[in-house]
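Novice: Protein chains in written order, with the working numbering: chain H, 1 to 137; chain A, 138 to 814.
Don't take every hint at face value.
Said to hold, decoys possible - Each computed DSS-like pair below joins lysine-lysine, with the alpha-carbon atoms no more than 30 angstroms apart:
| no. | chain 1 | residue 1 | chain 2 | residue 2 |
| --- | --- | --- | --- | --- |
| 1 | A | Lys722 | A | Lys679 |
| 2 | H | Lys27 | A | Lys615 |
| 3 | A | Lys744 | A | Lys788 |
| 4 | A | Lys615 | A | Lys581 |
| 5 | H | Lys108 | A | Lys615 |
| 6 | A | Lys745 | A | Lys707 |
| 7 | A | Lys722 | A | Lys791 |
| 8 | A | Lys615 | H | Lys26 |
| 9 | A | Lys712 | A | Lys744 |
Said to hold, decoys possible - Estimated spans, in silico, between C-beta atoms of each pair:
| no. | chain 1 | residue 1 | chain 2 | residue 2 | range |
| --- | --- | --- | --- | --- | --- |
| 10 | A | Leu680 | H | Pro33 | 53 to 63 angstroms |
| 11 | H | Arg126 | A | Asp668 | 16 to 26 angstroms |
| 12 | A | Glu575 | H | Arg101 | 18 to 28 angstroms |
| 13 | A | Trp779 | H | Arg126 | 36 to 46 angstroms |
| 14 | H | Arg126 | A | Leu680 | 55 to 65 angstroms |
The hints are simulated quantities; they were obtained by calculation from the structure and are not laboratory data. This structure is a prediction, so every number in the text was calculated from the model and none was measured. No residue lacks a Cβ here, since even glycine has one placed at the ideal position from N, Cα and C.
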Amino acid sequence: MLDSDVGIMLIEDDRVDVMTVQRAFKKNRINNPLYIARTGVDALDMLKGNGQEKVDPPPGLILLDLNLPRMSGIEFLERLRQDRELQNIRIIVLTSSNEPRDREAAFKYEVDDYIVKPHSFEEFNRVIATILACWDD
Amino acid sequence: MNFLFGTFGKSLLLAMRRFIISLMQLMKGSGEQTFPSFRMGSIWWGYFPVFLVALLGLTNTLYFFRQVSDWERQQVTTNFNAASRDWVLVVQREIEFALATTRDIASYFEASPRVGRREFRKFVEPAIKRHAAIKALQWIPVVSREERETFEQSSRLSFPPYTIRQKESSGDIVPATNRDIYLPVLYVQPYLQNKDLLGLDMTSDRTIFELLLRSGDTGELQVSERITLDGESEKRFGFVVSVPVYQSDEDPPVSEEDESAETEPRVIRGFAVGIYNIGDIVELALQNLSVGGIDIHFSDESNNTYLYTHKSRLRSGDNQDEIKHMPSRLVYSQTLAVGGRQWRVLCTPIPGSYQPDAWSGWFVVVGGLSFTLLLTTYVSSLVGRAKKVKQLVDLRTAELSSTNSALNNEIKERKAAEQRLTELNDLLEYRVAVRSTEAERRAKDLEQFAYVASHDLKAPLRAIANLADWISEDLEEKLTEESREQLALLQDRVQRMNALIEGLLEYSRVGRIAGGHSLVDTRELLEEIIDSLSPPKGFTVKLGNDLPKLHTDRLLLGQVFSNLISNGLKHHGGKKGQIKVECRKMRRFYEFSVADNGVGIPAEYHKKVFMIFQTLQAKDYGSNTGIGLALVKKIVEEQGGWITLESQPGKGAKFRFTWPAEPAAKPEADDELIFPV
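Hey, can you work out the whole structure from these sequences and the hints?
Specialist: Below, the structure is given as structure tokens:
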């Protein structure tokens, strides 16, 4: 079970999707601090403290959307994996793309899971619950 | 014959001259032609050996002709001279022989102091008989005036009418007038032809008197100039021979005679005289010789008088004048000393004999000319052949070079064509590259579109769905029944939209995503699909016995089966149903059939069912997107097959499609075949 004080960062540009995640967390009574970045660039700035408050300690999990403005999820992954400080953060890709291409690209950067966003909230809720429940270590 | 030779030789000479002139003209012409072009000069120069050979041949022929003719002429001359000499010798001998008769008479008188008429006749008769040329043989004693009476007296003893007579200038014969010395003819034989001569005083005959004087002076046998013989038409010339007879020592002359003899060492007693016919001597001499074509002319050189001409017996009917004036190439001339006179003997050949054999000369000419002609022809043919060969070589060389240049041109053309081909190829490749780039770009665009569609279309849809969920959840108690139903409809339409997008994505993915080939057990594949579709209760899927194992794209074949089976299940129309999957092996492909026993499809829709977004039922009904059969058709056709539908309303529907037994050849291989580099 995920420690309740471990931060979780959500990188997602769609407000409804952000709301979906927040709602699902709420429904599953997950109270871990949730940092929300709207773009990959924002996320990096937050993680490194460039021009804004640094997320410290770094989050234990990042939920990453792939289709992001300015910097795609894959680019973000690349940058993150090159950063000594941040390279070990667990990442779960949460995307609407079911393309094999995206899947391959993501696993190249050793993501922990790749989840296609379910169409209904109920399903999404279930998925979040499952992920967090299954989280050991 | 000579004439013939002459004309032949003349014409030959003329021809030769013409040839030489034309040859010279040729040479001259060649000289003139040398200047305008070297090629012409070289051609004539090539014939130089021919001219040389011809010239040498001609020169040699002429030289040998001359030599042979000369030799021939010389030969003839030699022969002629030899023959002439022989003949002259024979004639000379005959003359000697004839003269010897007179000399014999002289010797006889010298040996016998007294010779009577009878003795004389006896002595000379055999000689006269033997020698036809002897016209007369006489004894002429020297009688002084004083002895005349005694002489006449004693002579009348043997010949009664004997007197010393003389011939007058009128021709009459009269008794001799008085003079100191008389030279009367005492004996003459043959008597009958010469009886007029008897007693004739030879002092009155100038010719004989001179002769007698001369022989008396010299004491030798002397011959007179020619005399004309009477009664002979042809051989009319003769001569007189006189031999002096002296008083013998044993028989001293009479005193009167002594006086006259005192002045001279020896006293002349008389003269033995012979008259001969020249012609007879000559003919006698030559009668026993073989026939020869020589005329012999005798003349007295001392006073240049004609004596006799022996006509060759080969000649007939010619007269003497003609013979005399016949010019002759060959003349043999000899002088004979005959009794103190010089006789000139000229031998000439009769025409036609002692003619140099012209044939041999002309043989040489003809032989030499023909040999020259042959050699010239041969040499010219050699030269011509060499020229021909050279021409041929030139021609062939020219042909070869033209062929060469043609080949070169062709090579150039081919190279140019190759170049063009390469350029075209490059262009083509470039265009292909452009097209493929374009195609790739379009495929990328499509992919991008698909990606955008999957992400960007689905995201708002998902948001709508979530928001609708949350509204119904948050306002659960506050919503009216009508609002709740409307929210449900909203959810349903969102689901449908989602399904459409998913189907569209799937459709666009066909062919874009090539799966790997593997050995597929169709029975196993079908069982999996049936399991995943989980047919509703009352429906069974029956599999045929001949389902094959084949190498193919498992995913695509699975999609086809899955769509067809689910289509059958969805549109069966009944509560219970059966779907039958069967397979038939064709030559290079399999024909699968998926048949249901449902409501069937009217014929007018058979084409429409395969079109995208076409459904035969209301939009409200279920999750039918109208993509499934279009997708199936697309996949089957992409595999090079076809799909058909057999159906009638109420009698079920049977889809039949073909699937290749072997994977299609790799397109890369085709590329290699089309563009070999």
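Novice: Tell me, which hint numbers fail for this structure?
Specialist: Hints 4, 5 and 14 not satisfied by this model.
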